[in-house]
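> Residue numbers (the working numbering), protein chains in the order written: chain A, 1 to 538; chain B, 1001 to 1171.
Don't read these hints as lab results, they were simulated from the structure. Keep in mind that a hint or two might mislead.
[What the hints assert, rightly or not] Here are the in silico distance ranges between beta carbons for each label pair:
| id | chain 1 | residue 1 | chain 2 | residue 2 | range |
| --- | --- | --- | --- | --- | --- |
| 1 | B | Leu1005 | A | His342 | 13 to 23 Å |
| 2 | A | Arg166 | B | Val1011 | 44 to 54 Å |
| 3 | B | Glu1073 | A | Gly233 | 37 to 47 Å |
| 4 | B | Pro1113 | A | Lys452 | 57 to 67 Å |
| 5 | B | Glu1073 | A | His368 | 25 to 35 Å |
| 6 | A | Glu417 | B | Ala1003 | 27 to 37 Å |
| 7 | B | Leu1005 | A | Asp230 | 50 to 60 Å |
| 8 | B | Arg1084 | A | Lys103 | 47 to 57 Å |
| 9 | A | Lys452 | B | Val1011 | 26 to 36 Å |
| 10 | A | Asp230 | B | Ala1003 | 49 to 59 Å |
| 11 | B | Ile1002 | A | Pro133 | 49 to 59 Å |
| 12 | A | Ser381 | B | Arg1084 | 38 to 48 Å |
[Said to hold, decoys possible] Quick look at which bits of chain B chain A covers, simulated, 3 or more residues with Cβ under 8 Å:
| id | segment |
| --- | --- |
| 13 | 1006-1013 |
| 14 | 1049-1060 |
| 15 | 1087-1100 |
| 16 | 1147-1161 |
[Claimed, not checked] A partial selection of chain A residues facing chain B, derived with a Cβ cut-off under 8 Å:
| id | residue |
| --- | --- |
| 17 | Arg137 |
| 18 | Pro145 |
| 19 | Thr165 |
| 20 | Arg307 |
| 21 | Leu382 |
| 22 | Thr386 |
| 23 | Ser387 |
Cβ coordinates follow ideal geometry from the N, Cα and C atoms, glycine included.
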Amino acid sequence: MMDSRAPLSDLHSAWITDLRQTLAAQGVESQDLTGMTLLPAAVWQVKPDDWGLIAREAQLVQCRWAGLWLDDLGGQGFRANVALVKHGGFLVVRTELEASTLKLASHARYFPAADRVERHAADLYGVRFEGHPDPRRWVRHQAWPEDQYPLRKTFPAAGRPEDRTRPDSEYPFLGSAAPEVYEIPVGPVHAGIIEPGHFRFLAVGETVLNLEERLGYVHKGIEKIAEGRDADGLARLAGRVSGDSTVAHAWAACMAMERAYALVIPSRGYRLRGILAERERIGNHLGDIGAICNDVGFPFANYQLTRLREGWLRDNAAWFGHRLLMDRIVPGGVATDLRNEHVEPMRRRLSELATELDELRPILDTNHSLQDRLVGAGMLSLEDATSLGCLGYVGRGSGFDCDLRRDRPYAPYDELEVDAASRREGDVAARLNVRFDEIGASLKVLDQLLTKLDSGPIRNPWPGEARVSEGLGVVEGWRGEILAYVRFDGRGLVARYYPRDPSVFNWPALEQLIHGNIVPDFPMCNKSVNGSYAGHDL
Amino acid sequence: MIATLSKIARVGVITEPARPSSDAELEKVGTEIRGVIDRRFRGSLAIRQVDAGSCNGCELEIHALNNAFYDIERFGIHFVASPRHADILLVTGPVSRHMQHALLTTYQSTPDPKWVIAVGTCAADGGEFGVSYASCGAVSNVVPVDAVIPGCPPKPLHLLEGIMSLISRSV
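One chain only, chain A, in its complex shape (with noise of 0.2 Å):
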């Protein structure tokens, strides 16, 4: 059984210890923390002035940069960490700043990851990201002035707001001069039942020549108003950084409180978190696969399938008491227990919903009309999948095949068989492939975990004394890898939480897969990746 405390294998550790002398014969100087903080992730402190170098190197042994958060210390200057991963293994690098020289080299000159990860911190904390291929503002609107950043410790999370925020309306968008290329804005607001975020098309003709996302409409300032909340209040704001990953956000964050207090919690405990995580996935399949074919014309599938949603939401409510699962997974365990009489009846529904898709799939795969539409559309490349470190379907579309439960398995993965989906192609059936397949994977997943879900506690108390200590928090959502990173001040309460949603590197690539499509096949496109907005604006 593997917990937090289980130190890092060979194949996790090896490319770590390498990247390390690569860059001692470099001259770099950095202290290694592995062991003391941040388990079970290795931790390096370096100096600031070596913070380009790290990203030079990591990006040559081909790492996946996985997220960058800063971190406030309260008049003793400011810590960046930047989290790097390779072979499951995790790796965060650190750095301490003083207030009077907040700078850093930008990592995005060597992984286009980090670009909006970057300006997010900019905009946030004011840190200036030195030689960042695009400064502009990305999670700023004009609710706070370019001079006010709200994550530092000064400013107060009520802010300063004036009574009605203006729209951002001059924000410079890539434009073209040619009479041939026509703009097509489109929302905040959308034609449908959604989440707010601003497109800028330039096409010619019907095909796209461009689209620049422009988002953080719903930031809710949820890093701040984090602060000083206890354990159980943290869980809760988890679970709402986006609503349809409300289970995976809830046990990210979880996690880091529990890796934060080496608080162990109980099989029963997560086992169930399992259950939860898995009916998350499927649920999100169910309804996105329809939808996709809803957004070209084949509503067949889409009856179909929200069908299917509709009935499994309603076990989850039967079972568990909440039809999207939210505020189930608690510090310490579970908050909901599943009672021995409605194991047998999930099991029927597993082996159910199976047949219905062994029935479905195959008339959704010879309708010529809906695969004319779905095959080569938004090709997405395996390089730019890489490069900008695109998590889940998205990314296992493309060939670039990362799943935490298999590569870094965390309990109850530990003990499970785990098909992890992956597919070459790179086009919106590829990924919708994929999805279908996750959803078999899922099925087998959790007949593993009702069959070795044994009887005992579902959840331990919170330890009673506080820490100043601080957690890392990894899972694989029904999107992707969720990182959570949660720091506590020593009286019990939230000092930083940083929740990483594989949105962030996934809206990007939507950027990239439209070129050359037609306007129509956006829905589709978009649908495709499904990126979440709140979670990606936080």
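Once you have looked at the hints, place chain B on chain A.
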């Protein structure tokens, strides 16, 4: 094609009765609803949904109203793409400050008479997010609200009840 038609035939009609007999209030509202829509809205009630900052949980449940179980269109209620075609704005979220202007513009673009329903706990009172540098909190802090449907998120049946009770009251 035969497989498609056969599947449709075998699944049959799964749409649920609009008025569960266990709920007397819904029964009463449900009996009136079609008549109200016919009379007041000439058979068609148009809703424009606006996510003004939600976590997207409410959107999932509003979406469910269109699935075959609830099939909200059978009551003459449908979702429209433009606020200029809408009778009702269904607003979710705490209103993020970055969406404040867009929500106001949407409200102003909706012709009178119009109603606003705040959907979900965050829309009702700010929920977990409250009022901050980034959030205006409740929808009523930004536009006038005629009805509130609480819940995190409200279940589809509660959404249906909330819409029904508002338009019945408005007559």
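> If a hint holds in the structure, say so; if it does not, say that too.
Hint check:
1. Taken as a hint, the range 13 to 23 Å is violated for the pair Leu1005/B and His342/A, whose Cβ atoms sit roughly 35 Å apart.
2. In this structure, Arg166/A and Val1011/B meet the distance hint of 44 to 54 Å, their C-beta atoms being roughly 51 Å apart.
3. Against the hinted window of 37 to 47 Å, the Cβ-Cβ separation of Glu1073/B and Gly233/A comes to about 40 Å, which satisfies the hint.
4. A beta carbon spacing of about 58 Å between Pro1113/B and Lys452/A agrees with the range 57 to 67 Å that was offered as a hint.
5. A beta carbon spacing of about 29 Å between Glu1073/B and His368/A agrees with the range 25 to 35 Å that was offered as a hint.
6. Take Glu417/A and Ala1003/B: their Cβ atoms lie about 32 Å apart, and the range 27 to 37 Å holds.
7. Checked against the given bound of 50 to 60 Å, the beta carbons of Leu1005/B and Asp230/A, roughly 57 Å apart, stay inside it.
8. Taken as a hint, the range 47 to 57 Å holds for the pair Arg1084/B and Lys103/A, whose Cβ atoms sit roughly 48 Å apart.
9. Remark: the range hint 26 to 36 Å for Lys452/A to Val1011/B is upheld by a beta-carbon distance near 34 Å.
10. Between Asp230/A and Ala1003/B the Cβ separation comes to about 54 Å, which falls inside the hinted range of 49 to 59 Å.
11. Judged by the Cβ atoms, the range 49 to 59 Å given for Ile1002/B and Pro133/A holds: they are separated by roughly 55 Å.
12. Between Ser381/A and Arg1084/B the beta carbon distance is about 41 Å. The supplied range of 38 to 48 Å therefore holds.
13. A count of 3 residues in the segment 1006-1013 of chain B with a Cβ less than 8 Å from any Cβ of chain A is obtained; the coverage claim is therefore met, three being the minimum.
14. Counting residues of the segment 1049-1060 of chain B whose beta carbon lies closer than 8 Å to any beta carbon of chain A gives 12, which meets the minimum of three for the stated coverage.
15. With a cut-off of 8 Å between beta carbons, the segment 1087-1100 of chain B has 7 residues touching chain A; three or more are needed, and the interface restraint holds.
16. Given as covered by chain A, the segment 1147-1161 of chain B passes the check, having 3 residues with a CB less than 8 Å from a CB of that chain where 3 are the minimum.
17. Look at Arg137/A: its Cβ only gets to about 12 Å from chain B, farther than 8 Å, so that hint breaks.
18. Interface hint at Pro145/A: violated, since its Cβ lies 11 Å from the closest Cβ of chain B, which is beyond the 8 Å cut-off.
19. With a cut of 8 Å, the hint placing Thr165/A at the interface with chain B holds, because the nearest CB-to-CB distance is about 4 Å.
20. Taking 8 Å as the C-beta contact cut-off toward chain B, the hint placing Arg307/A at the interface holds, the least distance being around 5 Å.
21. The interface hint given for Leu382/A is broken, as the beta carbon of that residue sits about 29 Å from the closest beta carbon of chain B, more than 8 Å.
22. Interface hint status for Thr386/A: violated, as the beta-carbon distance to the closest one in chain B is roughly 28 Å, over 8 Å.
23. Nearest Cβ of chain B to the Cβ of Ser387/A: about 28 Å, over the 8 Å cut. The hint is violated.
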